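Enquirer: Going line by line, the protein sequences match chains A and B. For the numbering used here, count along the first sequence from 1 and bump the result up by 4. For the numbering used here, count along the second sequence from 1 and bump the result up by 53.
None of these hints come from the bench; they were simulated from the model. Incorrect hints may have been included.
As the list claims (entries may be wrong) - Partial selection, computed: residues in chain B whose CB lies under 8 Å from chain A: (1) 252; (2) 253; (3) 320.
Stated by the list, open to error - Stretch-level coverage of chain A by chain B, calculated; a stretch enters the list once three of its residues show a Cβ under 8 Å from a Cβ in chain B: (4) 14 to 27; (5) 135 to 143.
As the list claims (entries may be wrong) - Label pairs and their calculated CB-CB ranges: (6) A/157 / B/83: 48 to 58 Å; (7) A/256 / B/255: 43 to 53 Å; (8) A/154 / B/169: 33 to 43 Å; (9) B/147 / A/102: 51 to 61 Å; (10) A/28 / B/255: 43 to 53 Å; (11) B/229 / A/121: 22 to 32 Å; (12) B/229 / A/157: 11 to 21 Å; (13) B/316 / A/19: 28 to 38 Å.
Just so it is clear, the structure is predicted and the values come from calculations on it, not from any experiment. Glycine residues also receive a C-beta, built at the ideal position from the N, C-alpha and C atoms.
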Amino acid sequence: MSARQGLVIKGLVKEYVPGKPVLRGIDLDLAPEGITAIIGPSGTGKSTLIRCINRLVEPTQGEITLDGEKLTGIRGGQLRLARRRIGMVFQEYNLVERLTVMENVLSGRLGYVPLWRAWLRKYPAEDIALAFELLDAVGLPDHATRRADALSGGQRQRVGIARALMQRPALLLADEPTSSLDPKTAVEIMELLARLTQAANVPVVINIHNVELAKRFAQRIVGMEGGRVVFDGPPEDLQPHHLRQIYGGEDWL
Amino acid sequence: MNNTMAPGMKPLMREWTYLTPAEAIGRWLVWLAVVAATVWAVRSIDIIPEFLADAPEQMADLLVRMWPPDAAHYYPDVHAALIETLHIATLGTILSLFLAVPIALLAARNICRIPVLNVTAQLILVSSRSVNSLVWALIFVAVFGPGPAAGTFAIAFRSIGFVGKLLAEALEETAPGPLEALTAAGAPWGSLMLKGVWPQVQPAFWGIALFRWDINVRESAVLGLVGAGGIGVVLDDAINFFQWDRVATVLLAILAVVVVAEIVVTRIRSRLI
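With the hints as constraints, model all of the structure from the sequences given.
Expert: Written out as structure tokens, the structure reads:
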């Protein structure tokens, strides 16, 4: 295993429309452990930032490295190999609705498993063992053969987390994983995410709207506003005046 | 209630009409064009009044000659031709599915992101549809000679456009989320298609295939008229020899098969979806 240097982002700029940057030069250096929460108002580029890391969105400028390996500037097969080391959890779960829970979890291995095995559903035995382990860990031990569209929102996100961990990732990205869930389920999902990633020693970068959840589960908080980082530090240091700067106004505080 | 207005102000004159004068004239012109086109069409098709007058008589005569249908003719001649027709329809449909899938993948703008290929694929689909199956049959009779092989290819090539267009639409309607998730997991293109796209379009695919097979059973029944095999050949022979009781047998056999195909397809489709 390569030396764990964590995720390093240097001078990241993203312009969807030339001359109108969404990200205006982001510099972040994240240790290869713990949860980093990115907070900020809607439309400030949190999702863009997280998608630039695994190149679902193409950065305009800047350099990103994970454990010393460049993520920017690579293409094709190289990009694919880099992506399979980065797990991702989505707000809308993004499960394949008509496949079973088990197949959804196993599809986390598609970057590793050859096409013919996926086609014949002959996944390697250790992958299947890991999938069952993860299903137990996320609390869905009896749901392996149910179809994904038969699950509730919270259950779907549990499958989403299992799928991401199925990659045995070196980094886990989570884009608003709790925003579609009720408050109680949101806390349960965050607890699950924190517990499993700690056990697997996977660092997490998470976009989150809920400041309380961010403070409760993250070891580091990055506040963004207008495409720039305006706060970076442990949750204890996050003061009301920071929140005022990040979100604007103060009536809501 | 009139007192709500400030003193000294007159109410604005307001009027409501359904159409503005320009719209009214426009409508009138459209109607005029429709009537003119109809008159022109009727004048150009050369209806001979005498033939029109005795048409009911002729129809009645034909029906009398058809009755009773020649049941003895059914086996083995009509039966064998009927089976051949079903073979043409089925093989043609299967062949068209193989040919249509790659073209549909190229035509779907969310799968293939190269606009030139999208347009090319759509052009292929349109040209396949714009040629009638009888014309395709004439072409393939010229290539393969008369017989069921020509019919099978005619059915396949006519079906590519239909299957490909509907499949491309189904592909474009797939949810992008699962595909994004599998891309993020580093899945190669083949696995993306297999595990992200195929499960989403599977019901549509089988629905389209069955629907097209149903249409092809009907279409392949007439291909024999141009020598492309199937029950149409038997029908053509019977008509040419004025054996109207045999014609009736063939027509009833086609009707029976079409009805059975329709029932079978409807049953299976309702289970699929």
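Enquirer: Each hint should be assessed against the structure and marked as holding or not.
Expert: Hint by hint, here is what the structure shows:
1. The interface hint given for residue 252 of chain B holds, since its Cβ lies 4 Å from the closest Cβ of chain A, which is under the 8 Å cut-off.
2. The beta carbon of residue 253 of chain B comes within 7 Å of a beta carbon in chain A, closer than 8 Å, and the hint placing it at the interface holds.
3. A hinted interface residue such as residue 320 of chain B counts as satisfied when its beta carbon comes closer than 8 Å to some beta carbon of chain A; here the least separation is about 22 Å, so the hint is violated.
4. Three residues within the 8 Å Cβ limit are the bar, and the region 14 to 27 of chain A against chain B gives 0, so the coverage statement is violated.
5. Look at the region 135 to 143 of chain A against chain B: 0 of its residues bring a Cβ nearer than 8 Å to a Cβ of that chain, fewer than three, so the hint is violated.
6. For residue 157 of chain A and residue 83 of chain B, the Cβ-Cβ distance of about 53 Å falls inside the hinted range of 48 to 58 Å, so the restraint holds.
7. Distance hint check: the CB atoms of residue 256 of chain A and residue 255 of chain B are about 47 Å apart, consistent with the given range 43 to 53 Å.
8. The given range of 33 to 43 Å is respected by residue 154 of chain A and residue 169 of chain B, whose C-beta atoms sit roughly 42 Å from each other.
9. Distance hint for residue 147 of chain B and residue 102 of chain A: a CB-CB separation of about 24 Å, inconsistent with the stated range 51 to 61 Å.
10. A hinted range of 43 to 53 Å for the beta carbons of residue 28 of chain A and residue 255 of chain B is consistent with their spacing of about 44 Å.
11. For the hinted restraint 22 to 32 Å between residue 229 of chain B and residue 121 of chain A, the CB-CB distance of approximately 25 Å keeps it satisfied.
12. Roughly 19 Å separates the CB atoms of residue 229 of chain B and residue 157 of chain A, a value that falls within the hinted 11 to 21 Å.
13. Checked against the hint of 28 to 38 Å, the C-beta distance between residue 316 of chain B and residue 19 of chain A comes to roughly 59 Å, which is inconsistent with it.
In this structure, the earlier hints numbered 3, 4, 5, 9, 13 are contradicted, and the remaining ones agree with it.
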